[in-house]
Amino acid sequence: MPNFRQLQLANQRKTFGLLLGMAVLVFVVIYAALNYFGKTGIGLVPFAVGMALISVWGSYYASDTIVLTMTGAREIQSSDNPKLFDLIQEVCIASGLSMPKVAIVEDRAPNAFATGRNPAKAVIAFTTGILDVMDRDELQGVIAHELSHVKNRDTLVSAIAATTAGAIALLSDFIMRMMWFGGNRDREDNGNQNPLALVASLIVLILAPLAALLLRSAISRKREALADATAVAFTRNPAGLRRALEVLQQDSTVVNQRSTAVAHIWIESPLDQSSVSKLFATHPPLSERIATLRAMEANPNLN
Amino acid sequence: MSSTIIVLGILALILIFLVASYNRLIRLNVSVDEAFSQIEVQLKRRSDLIPNLVETVKGYAKHENSVFENVVAARAKATTATTVSDVAAADGALTQALRGLLAVTEAYPDLKASTNFLSLQEELSTTENKVSFARQFYNDNVRSLNQSVKTFPGNLFAGVAKVSARDFYVVDDPQDRKAPNVKF
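The listed protein sequences correspond, in order, to chains A and B.
In terms of the numbering used here, the first sequence has 199 at position 199, counting the first letter as 1, and numbering is strictly consecutive.
In terms of the numbering used here, the second sequence has 1003 at position 3, counting the first letter as 1, and numbering is strictly consecutive.
Bound conformation, chain B alone (with noise of 0.2 Å):
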């Protein structure tokens, strides 16, 4: 009698312990789903900042035409973006066109004064760091989800849940926490 109650006691622990282990595996997957699309919100973001940008540095830079037209197409090439992979590359090729354009702000003192500039910068040092903490933060989640995936208990689920590794969001730019940062 009471080894039967000790087998089911020990049968009910197994199915928690299950049971627990695939929701856990579920409930990775949905949050690498929602870091990316955070990351898509913050790219969208910056992308909105951008016309305005242009606008302002033009004011003042005429002759960058180069520089302006590289960020126009980056941008334009980053919003028809939708795997991860070409989302990333899209994001690191406008990262790259910014930094050419903010580089190209320090030869013109005039238009690094102007208040609508500096507000600007503000804006668009904030939405890089913003992007940048989340591809932080989905490669984060993705290193838990392609741990879980690969390891006891979550690889006997993987195949029935079809969740499997995912990949992670790589920017290639090896300056990439080096985001244009402003103090105040």
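With the rest of the complex left out, here is chain A (with noise of 0.2 Å):
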């Protein structure tokens, strides 16, 4: 039977693993592009990256006031809900990190987020369903599930697989638009290639970009999976969040706003779960965390 210890590392391993998987993606794919068009494609790498760089990198510096505006949260004060205040205090002190901001998304479907770029600069936000349906220990575990994710970084480490992704599928795309157009030109300077090669940089261009998406909604999910391990080591209770989840599970209500923009940063995804495959999903299915927070209740050893 696992505990939050082991299951906050093994998902921190595999996060690991695959952002190392992306960095291998990236390798490949800049081999490949070198392969087909010799020297112009070495050029266009620095530009895909500082393009993919400039485009999340603004996102991730202001992901504290961009989400918000682009959920339609409103910060609140401790005055206008003491309670929830309290709760978030008492995560704060477990978790020894310093009290976010808070902020309240007038939705009927009971939602939550954590955004910002760092702990200083942490943003929690609720949906008024979400504060409406749950008690006390149920909403305990959603906040600390997304003061996990403060911790652990998720802002960052979501930001680098954007980046990686979109700098991979810039690539391609580039390379793409330059074989239909310039590519002869540089075909000429490898003329003695062997043809079997160029048709397999060619699968890997056309592939890559589904592959870096791919590796980003598994990082997605192993992070949400990291964030509920964390989240018991916080409460040390993982019937709450399990309670919570449940909750979430059984209301078919969604969140209004369906931006896919912002759709991974929420607790439960906001989507559709049945039109996206499970393996684009960005957080692994409810009923599997709830699982996995029933095998934790079921190990006594809580410390």
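There may be inaccurate statements among the hints.
Derived pair list, reagent style DSSO-like, types lysine-lysine, alpha-carbon separation capped at 30 Å [to be verified]:
hint	chain 1	residue 1	chain 2	residue 2
1	A	151	B	1044
2	B	1150	A	14
3	B	1077	B	1062
4	B	1044	A	101
5	A	83	A	278
6	A	83	B	1058
7	A	121	A	14
8	B	1044	A	121
9	B	1112	A	83
10	A	151	B	1150
11	B	1044	A	83
Just so you know, these hints were derived from the structure itself, not from any lab.
Need the complex rebuilt from these two chains, each delivered in its own frame; the hints are there to steer you.
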């Protein structure tokens, strides 16, 4: 039976492995590009990485304000909801984090998220729905899950994953375009190339963006599993979070604004699960998360 | 020539590793101190709630003198404790006494329905949780420190840095996590 420490370690290792996988993929794509186009390919690499960096870095750096605007969350003070602030303070003490900003999203669907580029800039937000349906222990579990994202620096991890996936997509896109419009000029340099290697490079370039997206989704799922385990490390009460997830499972309402851009930050995916393949899902299925928490409940060793 | 560079590089890496391990040990030691002061902050908070709580309960349950005396005595003892084991023992005694007080309130429906008591109960409940999370955070930090002090490379520096294994904060109470819990 796993305890939260083993689960935390396992998920940290898996994220590391997946990020390593992404790095390898970047090298494979660069290699394929060079193989296919010779020297022209190499100039594109810093360009693609630079563009991906610029586009992701801005949203990472200002994640607290951007996400609050995109989700329509409104920051509240402790006088607006003293009980909620008490609960958050409890988990802050358990985690050693400083008090984050707290925000509310007017929405009947129960959900919550955390964002911000570092613990000092952290924001956690709750829908009015989740505050209505959950009791103290359940809400404590949800808060612990969100603060786990803060502690584990998941905004940074997902920004890294997004940058890498973005760079791969851009690179592959450039090269595909060049192939149609200007490819012949360069191919003459590589006249003695093995045609089989050229075909293989082409296949790599076509499939790379898809592989990058799959890796990115897998990283997001591991971070969610890690946040569940870390939440148990904070509260030592797997039953609270488990019951909270069961409430989310039974609830069929979905957060109103279905912007896919911020789908990954909610505790429960706001997107229609059935329409998304499991491989592209940003969250592990709720039933799987509940089962893992149940296994932790059965484990008496909570210290 | 190139072999000198390699040797220097390896030496530099070893130096960085040693400095980092030394700093880690110091950092862990400081965070144990910080975690302990967090416990004290939360205990103080709880202690400040008690006079008001006792007065409120007294208003409805005049004859439960022994319970009040227990709480007041335990609170007085808790204010003088300084070492980890003394603070923990006093904390445990006060937790027990408070539990006795709350058990008594069960017999007084009027008291339980009074708004003053309800708001106190929420405060007491969150404070109990904060105290117990502060203890847990302290013990987690002690656990990391002790592990580091006893294993390589921390054990190399423990003496030089004057950092040693610390005592866990043990409250002698099997019901520790089952602090009074109010649903809202």
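Hint check results:
Simply put, residue 151(A) and residue 1044(B) have alpha-carbon atoms about 27 Å apart, close enough for the 30 Å limit, and the pair holds. Simply put, residue 1150(B) and residue 14(A) have alpha-carbon atoms about 28 Å apart, close enough for the 30 Å limit, and the pair holds. Simply put, residue 1077(B) and residue 1062(B) have alpha-carbon atoms about 24 Å apart, close enough for the 30 Å limit, and the pair holds. Straight-line distance between C-alpha atoms of residue 1044(B) and residue 101(A) comes to about 25 Å, which keeps the hinted pair within the 30 Å bound.
For a cut-off of 30 Å, the pair hint linking residue 83(A) to residue 278(A) is broken: about 37 Å separates their Cα positions. Taking the CA atoms of residue 83(A) and residue 1058(B), the gap is about 26 Å. The hint holds against a cut of 30 Å. The hinted pair formed by residue 121(A) and residue 14(A) meets the criterion: a straight-line CA distance of about 27 Å does not exceed 30 Å. Simply put, residue 1044(B) and residue 121(A) have alpha-carbon atoms about 29 Å apart, close enough for the 30 Å limit, and the pair holds.
Distance check on the hinted pair: residue 1112(B) and residue 83(A) sit about 19 Å apart at the alpha-carbon level, within 30 Å; holds. Proposed proximity of residue 151(A) and residue 1150(B) is supported: the alpha carbons are some 26 Å apart, at most 30 Å. For the hint linking residue 1044(B) to residue 83(A), the alpha-carbon distance of about 20 Å falls within 30 Å, and the restraint holds.
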